[in-house]
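Engineer: Keeping their order, the protein sequence lines are chains A and B.
Each residue of the first sequence is one higher than the last, beginning at 1 in our numbering.
Each residue of the second sequence is one higher than the last, beginning at 1 in our numbering.
Where hints are given, some of them may not hold.
[What the hints assert, rightly or not] To give an idea of the interface, some chain A residues facing chain B are shown, with a C-beta separation under 7 Å as derived from the structure:
1) Leu6
2) Met8
3) Gln110
4) Pro196
5) Gly197
6) Ala267
7) Lys282
8) Ala292
9) Leu365
10) Arg366
11) Ala370
12) Val372
13) Phe373
Quick caveat, the hints were computed from the structure, so don't treat them as lab data.
Quick caveat, the model's predicted, so the values are computed rather than measured.
Yeah, the Cβ is synthetic: ideal placement off N, Cα and C, and Gly gets one too.
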Amino acid sequence: MYYIALRMLMGDTTKYLALVFGLTFSTTLVVQQGSIFTGLLRRTAASIETVPQADIWVMHPATRHYEERKPIEDTAALRVRGIDGVDWAERLYVGNGSAQLPDGTYAALQIVGVERRSKVGLPMPLDIGNSDDIDESDAVFWDNVGIATYAKVKAGDVLQINDRRARVVGEVTAPRTFTSNPTVYTVYERALEYSPGERNRLTFVLVHVKPGYDVQKVAAAIREKTGLGAKTADEFFWSTVWFFIKSTGITINFGITVMLGLIVGIAIAGQTFYTFTVENTKHFGALKAMGASNGTLIKMVLLQAFLVGLIGWGLGAGLASLFGMRITSRSLVAFLLTPHLLTLSFGIMIITVLLAALVSIYRVLRIEPAIVFR
Amino acid sequence: MMQQPDNSSIAVTLRGLNKGFGSGSTRIEVLHGVALEAYFGEILMLVGPSGCGKTTLLTLIAGLLEADAGSIHVFGQDLERMTQAQKTAFRRVNLGFVFQQFNLVPTLTAAENAAVPLLIQEMPRRKAVARAAETLERVGLAQRINAYPRQLSGGEQQRVAIARALIASPRLLICDEPTASLDGETGEKVMQIMRNTGLTKDRCLIIVTHDNRIFHYADRIARMLDGRILSVERPPETAQRN
Chain A
1 MYYIALRMLM GDTTKYLALV FGLTFSTTLV VQQGSIFTGL LRRTAASIET VPQADIWVMH
61 PATRHYEERK PIEDTAALRV RGIDGVDWAE RLYVGNGSAQ LPDGTYAALQ IVGVERRSKV
121 GLPMPLDIGN SDDIDESDAV FWDNVGIATY AKVKAGDVLQ INDRRARVVG EVTAPRTFTS
181 NPTVYTVYER ALEYSPGERN RLTFVLVHVK PGYDVQKVAA AIREKTGLGA KTADEFFWST
241 VWFFIKSTGI TINFGITVML GLIVGIAIAG QTFYTFTVEN TKHFGALKAM GASNGTLIKM
301 VLLQAFLVGL IGWGLGAGLA SLFGMRITSR SLVAFLLTPH LLTLSFGIMI ITVLLAALVS
361 IYRVLRIEPA IVFR
Chain B
1 MMQQPDNSSI AVTLRGLNKG FGSGSTRIEV LHGVALEAYF GEILMLVGPS GCGKTTLLTL
61 IAGLLEADAG SIHVFGQDLE RMTQAQKTAF RRVNLGFVFQ QFNLVPTLTA AENAAVPLLI
121 QEMPRRKAVA RAAETLERVG LAQRINAYPR QLSGGEQQRV AIARALIASP RLLICDEPTA
181 SLDGETGEKV MQIMRNTGLT KDRCLIIVTH DNRIFHYADR IARMLDGRIL SVERPPETAQ
241 RN
């Protein structure tokens, strides 16, 4: 009977293609928009991931996420170093500024200052240049996203960052941030010179925990003994991501698009599937008359629905992946397709075809086999 | 073909059948106390003008509708006491159908269409289609087993429908106007196949028809009018044949 179901479905080429198209479109929309959503979310916290040496991020107790930076006293690093279990603790400055480019135009940028000695926080390996070059006078590393966006900047160029001289001595692969502004890396002290003055200037203290110590317990000890905020890298990553999910419109905006994809999928698939069932009413009636049970007919409809769903999902996910591969290699669009998202889109597809099939199943169950004699 | 009737040769027994549709002032009584028997080894034709209740009667015999009153025994089993699921299972094993509009699935080949009853009985597809090819050969369609319904003439489609009705070896064949959509010559051919291939001593054919050109294929003819059986007679040609 499953064979009959498949032949009934695929024999009607127009409706079969319409069903597959509807579900492909729906899945493409869900996966593509979902991937951009997860890509953007990851960018909100990407800077945290690029410092894998740091087990703990120490910050102002009021700081909730990476983009919300309340400076702390410069001596905080010293106090943290005194906590039992801390292997090393290094200062990190993160701030914003603007740079006048060689051609006279301006670019908003993120300024990151790292410890001169350890250079913790400087993305490694470097694309161009030597990490020791950062010690040179006015030296900065310009990130390759910035290079891609502002192609006029290259190693050897001289810029004005917040009206102070900066010389590009190399290129790094910096994490793409939520704002996609370019990032310049320099030593901590020079980063402070580039930035407008405040009483406290230190943004984060990056902590590495001694082997054998529990990271959570060390973070708790830092909080308790310094009064500062201290989160494990993982906690800080997720608190940043969740802040953007809960406190910005990004989730609603993308949610609306995903919902639209779902509605379009259900509408096209449901309507086409129902028409398909209505047009096959006589055949379903004949099958019932010949002894096919309701259970068999339900299985036939479900098989038809899940088959087109599976094909539509596969094509849709494939198209979205293709889009992602093309777009991420050529532009700044955030695109992160995760196994979780694929699983979720598969679940959405199951719900879509189930809803589409339910209407048809209801119709099939109500068919009186006696209609074959009318 | 037909034997002298006795209890063991009775395939279908109808007693006091009433059936109506609708309710209140719009209710129409279609059948009034119908009593009839059909025997193994015979072709029983139900004839009469449109609206006389012959198709309703056929539908009740097939267990596709429930009677308001009376009893329907098929092969000694009381259909009115069966649940819907039991009736479905009963039809699957014991009944074959030939419809006026053939009701072939357009996306299946002739062999696949003929194999449907076996597939409903969950026979593996290859085996079922092979059996269907043999059955199609019996109805003269050996060369057309891979043709789709749209590639077949009306007569060929009805022969596929007959093959489908016969393939699971049912003991009762229910035929609704099997020649109504066919020209006279093709109708004759179809009836010859029904008589020569479909009818056996342990099978009963009940045919609803308007088509008086095929009456001579009947062993008995039950004439209906206004929901009642007026007469049950043997056509002269049948008497000569026997």
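Engineer: Could you run down the list of hints and mark each one as holding or not?
Structural biologist: Here's how the hints hold up against the structure:
About 9 Å separates the beta-carbon of A/Leu6 from the nearest beta-carbon of chain B, more than 7 Å, and the hint is not met. Here the hint on A/Met8 is kept, as its CB sits about 6 Å from the closest CB of chain B, short of 7 Å. With a least beta-carbon distance of about 61 Å to chain B, the hint placing A/Gln110 at the interface is violated under the 7 Å criterion. Taken as an interface hint, A/Pro196 does not check out: its beta carbon lies about 74 Å from the nearest beta carbon of chain B, beyond 7 Å.
Of the supplied interface hints, the one on A/Gly197 is violated, with its beta-carbon coming no nearer than about 79 Å to a beta-carbon of chain B, more than 7 Å. A distance limit of 7 Å between C-beta atoms decides the matter here; for A/Ala267 the minimum to chain B is near 25 Å, and the interface restraint is violated. Taking 7 Å as the C-beta contact cut-off toward chain B, the hint placing A/Lys282 at the interface holds, the least distance being around 6 Å. The interface hint given for A/Ala292 holds, since its Cβ lies 5 Å from the closest Cβ of chain B, which is under the 7 Å cut-off.
Nearest Cβ of chain B to the Cβ of A/Leu365: about 11 Å, over the 7 Å cut. The hint is violated. At its closest, the beta carbon of A/Arg366 sits 13 Å from a beta carbon of chain B; the interface hint therefore is violated under the 7 Å criterion. Using the Cβ-Cβ criterion of 7 Å, the hint placing A/Ala370 at the interface with chain B is satisfied: the shortest such distance is roughly 4 Å. A least Cβ separation of about 6 Å between A/Val372 and chain B falls short of the 7 Å threshold, and the interface hint therefore holds.
At about 5 Å, the closest approach between the beta carbon of A/Phe373 and any beta carbon in chain B falls short of 7 Å, and the interface hint on this residue holds.
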